[in-house]
Amino acid sequence: MNNAFINTYTGEWLKKRRSFSSWLVIIGGFFIPLVNLLIFIFYPNQLISMHKSGEFWNQVSDASWKSMAFMLLPMGIVLAVSLITQLEYKNNTWKQLHAAPVSFANIYFSKLLVIITMLAQLFVLFNVGIYISAVIPSFFNSQIPFPNYAMDAGFLLMENAKYFLLCLPIVAIQYMISLQFKNFLIPIGAGLALAVGGLMAFSWEYAYTIPYTYTGLHYLQEKSKIVPAQNILVWSAAYFALFSLFGFWLYIRKKEKG
Amino acid sequence: MYCVETHQLNYSFRSGDLVLNNINLQVPKGSIYGFLGPNGAGKTTTLRLLLGLLKNQQGDIRIFDKQLQKNRIAVLRNIGSLIESPSLYGHLTAIENLRLLQKIYQCPVKRINEVLQIVGLSATGIKKASSFSLGMKQRLSIAIALLHEPDLLILDEPTNGLDPNGIIEIRDLLKKLNTQQGISIIISSHLLSEVEKLVTHVGIISKGSMVFQGTLKNLKDKQKQTSGLILETNNIERTVRVLRSMKLDGSIDAGRIMLPIPSKETIAGINSRLVHEGIDVYEMSVVKKDLETIFMELINQ
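Just so you know, the sequences run in chain order A and B. Residues 1 to 258 in our numbering are what the first sequence lists, from first letter to last. Residues 1001 to 1301 in our numbering are what the second sequence lists, from first letter to last.
These are computed hints drawn from the structure, not numbers from a lab. Small disclaimer: the values here were computed from a predicted structure and weren't measured. Among the hints, a few may not be true.
Not the full set, but computed from the structure, chain A residues with beta-carbon under 10 Å of chain B [what the hints assert, rightly or not]:
hint: 1; residue: ARG17
hint: 2; residue: SER19
hint: 3; residue: PHE20
hint: 4; residue: TRP94
hint: 5; residue: ALA99
In this text, a Cβ means the ideal position worked out from N, Cα and C, and glycines have one as well.
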């Protein structure tokens, strides 16, 4: 990574400070764990049964991932990516950025890397949220023990890494669309339509061809322990590479750059 | 030597309408070049082409003797710009706006305070750029343009929307940058009066074509050429003979004679000779066109 890229990345990182997209990462990371926390507090039996299951952390994690994988992750990514690129359109700053002595590749990929870093941030916050949602109820209810069980950190980390990889094609597609349109409603509308389309396509035999189904498909595969015919992790990596490069090609071909 | 030189620059939008037609811009190094023309004449399109914001369709752009298309990054390293409205991140403070660009431009951190001082925005603190007045936004945009110590500033209507005080402040600042730091400046405007006191060179564009390019003195000479003394008498032919005997030559138009403006003494001499020759003088008046009129005539021709 050259110095110019690191500097461009740092500059891009500073831009999202106090922006709605950075708040969205925090809200998105804690939203489902917070809902689960309230459920565990008001309906403690659910958490108590998890304590008795012998695989507490996996079950607590599963409770949060269920909602995250199907709905929040694809839709949150659509919204956050569109908001990040919208920063330039909204502030009329594309011309400033494109008149700076930086290569178009540095601009495109540093912005993409900022989005990917924010996704990693979301995952960290989500896992912190899961931990907090499991621990806090024990302070409110004496029937709920403190969860001082050993965590299968390797498994949880691997699961996070898989979900992370499965999100990347959605990031690349949404980034590609968002860079093309000044009107915020177009990338949001297209992204939400694709996300809803993905939800509807879960039962389709070729669902593995639709990146928006991947996080949900992975959840179902893990739950049912079925070895899928197609490795969606490979599909995901390929889609990410394909759409990132195609998006870059579209971006540098734009006749008007601000 | 020219810091900006374009050769046969043409540009048309998707509709096929020609926006620029053979623009040959020549901006001397160290000059303040006023790029003038009415709204829609092609000023912003030309400046956007100079910054690589529009894909060049036809023609050649050389900046500091380097071809823009082949040396985009090296060329942009020497240019600071403000195109149309300010480009600022509204949710960030002035310092934060500058800091992120300082990272991108890879210039020293101390430049942030320096440029804030130059434009008089050192005390904005935690105020977000979105709550700045238009004048403050313009000044911050100029600070951004100056951040990496460029040799050339390209400013597209930087005084747009500013009050008279703001206009004077920006004008003084640009003069100072030009004289003290030797920065060449291209400043576009649709008003000659706005840049007349600032520029050393003028380029006038109308309907996508250059209709004048030269020094401000050249434009003022043109003003002199189109101004004159009008003479109306009861005998045009005899009047012409009298003028010729005084080695003055004029043109006859609609029963009146028009001569280049002579000295006050000569005007008095003409009058006394004509009276002495028994010619009745009906009118003797000096017609002076101001620069604005010349400008209007150029853009409307």
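A quick look at each hint next to the structure:
no., hint, verdict
1, ARG17, "7 Å, holds"
2, SER19, "6 Å, holds"
3, PHE20, "8 Å, holds"
4, TRP94, "8 Å, holds"
5, ALA99, "4 Å, holds"
Violated hints for the displayed structure: none, as all numbered hints are satisfied.
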